[in-house]
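Novice: Each chain, written out:
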Amino acid sequence: MINLTPQLTTQQLTDPMQPEPFRVKRVMKESYDTFTLEMEPVNSERLFTFAPGQFNMLYIFGVGEIPISISGDPNQPAMLVHTTRIVGAVTKAMSKLKTGDVLGVRGPFGTGWPVSAAKGCDVVLVAGGIGLAPLRPVLYQMLAHRDRYGKVVLLYGCRSPEDILFRKELEKWRARFDLEIFVTVDYGDSDWHGNVGVVTKLIPKAPFDALNTVAMVCGPEVMMRFTAIELQKRGVQGEAIALSMERNMKCAIGLCGHCQFGPTFICKDGPVFTYPQLQSWLAQWEI
Amino acid sequence: MTLNTNSSTKYVLESTDFQQLIDVLVGIGYRVIGPTFDHNAVIYDDITAVTDLPIGWTDEQDAATYRLSRRSDEAFFGYVIAPQSWKKFLYPSQVRLWQAALSNGSFEILPDSEKPEPMAFIGVRSCELHAIAIQDRVFIEGEYVDPTYHAHRENLFIVAVNCGQAGGTCFCTSVNTGPKVEAGYDLALTEVIDHETHYFVVEVGTERGQHVLEQLPVRTADKREAKLPKTITDQAAHQIKRHLNTDGIKELLYTNSENPRWDEIATRCLTCANCTMVCPTCFCTTVEDVSDLTGQQAERIRKWDSCFTMDFSYIHGGSVRYTSKSRYRQWMTHKLATWIDQFGTLGCVGCGRCITWCPVGIDITAELEAIRQTKAKGETIKEGSDENIG
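Protein sequence lines correspond, in order, to chains A and B.
So for the first sequence, the working numbering puts the first residue at 1; every next one is plus one.
So for the second sequence, the working numbering puts the first residue at 288; every next one is plus one.
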């Protein structure tokens, strides 16, 4: 049996509640409501080492602070990369940042994806919408060590062709022979010739050996729940499925209480969990 | 004065000498905090004199009921428990975490690292000692330490006082947290008033307690007096009317998320958050990031928060717990079930404050029992079951 019990990788931070200033080096518009920030520390030469799946608390001066997962390449720790969608006051303020602006960073926090445990296995990444962002570091990691894994498959669902995240990168990766990418949208347009429908519909046909597969799933809760069910129907073991959860967070160190999901604190016990850790809670309302 | 240092030895401090206990603690450098009579309630606050204590007052508590009334004697600690717990001193309701200032196109964080003065609490009840021990697990004994709580807690001197009577909402006997203090104190007092005498039986819990005791005009308790802490707390225990049935409590709540009783509670619960504010173990906080009018200065304030608010579970798109039944369920399930998985203990010490201060008198002991009784009607989801598959 594959053991995906998340490893705690948070390093000891001197004061975990104190943001460190980072300067924006580059802003990239990904779609009409998503963007990526590349940033470097202002006062140090700190290399931002992190495990794929971990998150930071990003602070906009005087506005507020929110948890955002890291979307960059773990092998390039000189640059911290975050991709997010404009949904509230802080992300809106963040979307207006320009090169040279400064924001606060606390982190990295939480558990990472089971990248090491997946060695020797086929890997299926299932992403919904902005859920692709926390999975991108996994792809970087796996492509850097491609020989360690069997088939690597990305199943990606989003609302419309306009919402496709990292489009150029996906097209580049799609041209590789060692990476299978399937995209589906909820509703297409006249130029769309791809799949239409929910991402779970891609699972039955996707090319992987279910009995030797590790799955990593990130998206809306209901999508993750049904993805896990669909993967199990294909024969993937529940223990071989990892999910990344999202909740309101104020501290990121398990003290503010906001991110509780059943007995877990998403910030420190997660955000990456194995499916059996969450299964009974995912099926309940308003947890 | 030379004292027998056998730790099981008990001593007697006359009520007329009680001022000296306060004076000795002040002399050592403690900020002394104890019960006071304030706005017709017992409020834990700074004290300097015996006359600050709520002498001759008692409290009548019941669901949604709290009032003080006169006692027939001049007891110093003749009430049961104050509305607010000691957590307001150990984990203040509002703390500035840091200030920040813009400079040279960046910002600088200036941490607030003021060292709090050491505190001495006088009048901590057994359930409250347990509540402090539970918050120790949350804030000190976990993966991350909360520096504010730790700084307040590490030099804390505790004078516990045994309960001579039970309140109308107490249920410490159900959760093994009282009424007799057993551990976690420096000194423990039992107040004794009979006929013309008024004195305290003193027990020593630590070397620090011993050090303070040695500066007090105490005498060794005789055999009869030494038995009084047990006799008096036994009497209090017998007065307790409420009971929380903890049998299989975690599994009960883990399998009853769909119990119809939650809907029934939601018709009464106002989601006012009173229960979480008065609870001595509730620890949730939020942060507020604010800036001045010029936008040059900013600060982060941490405040007590409550799982009963809509904001508490807000993520983009709305609140996760948007119904009052899910918020009550979260609170009670956390106190009585998930807390066990998180911290290896119940999150409830049976102090009864949530019952007293619920404006509509919702009683956690009665609601748990109602869930137990209506269990059969609810749809249950077994932990780790595969019934949703296929």
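Mixed in with the good hints there might be a few duds.
Residues on chain B that point at chain A, a partial pick, calculated with CB under 8 Å [said to hold, decoys possible]: (1) 376; (2) 379; (3) 382; (4) 385; (5) 396; (6) 401; (7) 403; (8) 571; (9) 608; (10) 611.
None of these hints come from the bench; they were simulated from the model.
Even glycine gets a Cβ: it sits at the ideal position worked out from N, Cα and C.
Novice: Work down the list of hints and note, for each, if the structure agrees.
Specialist: Status of each hint after checking the structure:
{"no.": "1", "hint": "376", "verdict": "violated (18 Å)"}
{"no.": "2", "hint": "379", "verdict": "violated (14 Å)"}
{"no.": "3", "hint": "382", "verdict": "violated (10 Å)"}
{"no.": "4", "hint": "385", "verdict": "holds (6 Å)"}
{"no.": "5", "hint": "396", "verdict": "holds (5 Å)"}
{"no.": "6", "hint": "401", "verdict": "violated (15 Å)"}
{"no.": "7", "hint": "403", "verdict": "violated (17 Å)"}
{"no.": "8", "hint": "571", "verdict": "holds (3 Å)"}
{"no.": "9", "hint": "608", "verdict": "holds (5 Å)"}
{"no.": "10", "hint": "611", "verdict": "violated (10 Å)"}
Hint violations for this structure: numbers 1, 2, 3, 6, 7 and 10, all remaining hints satisfied.
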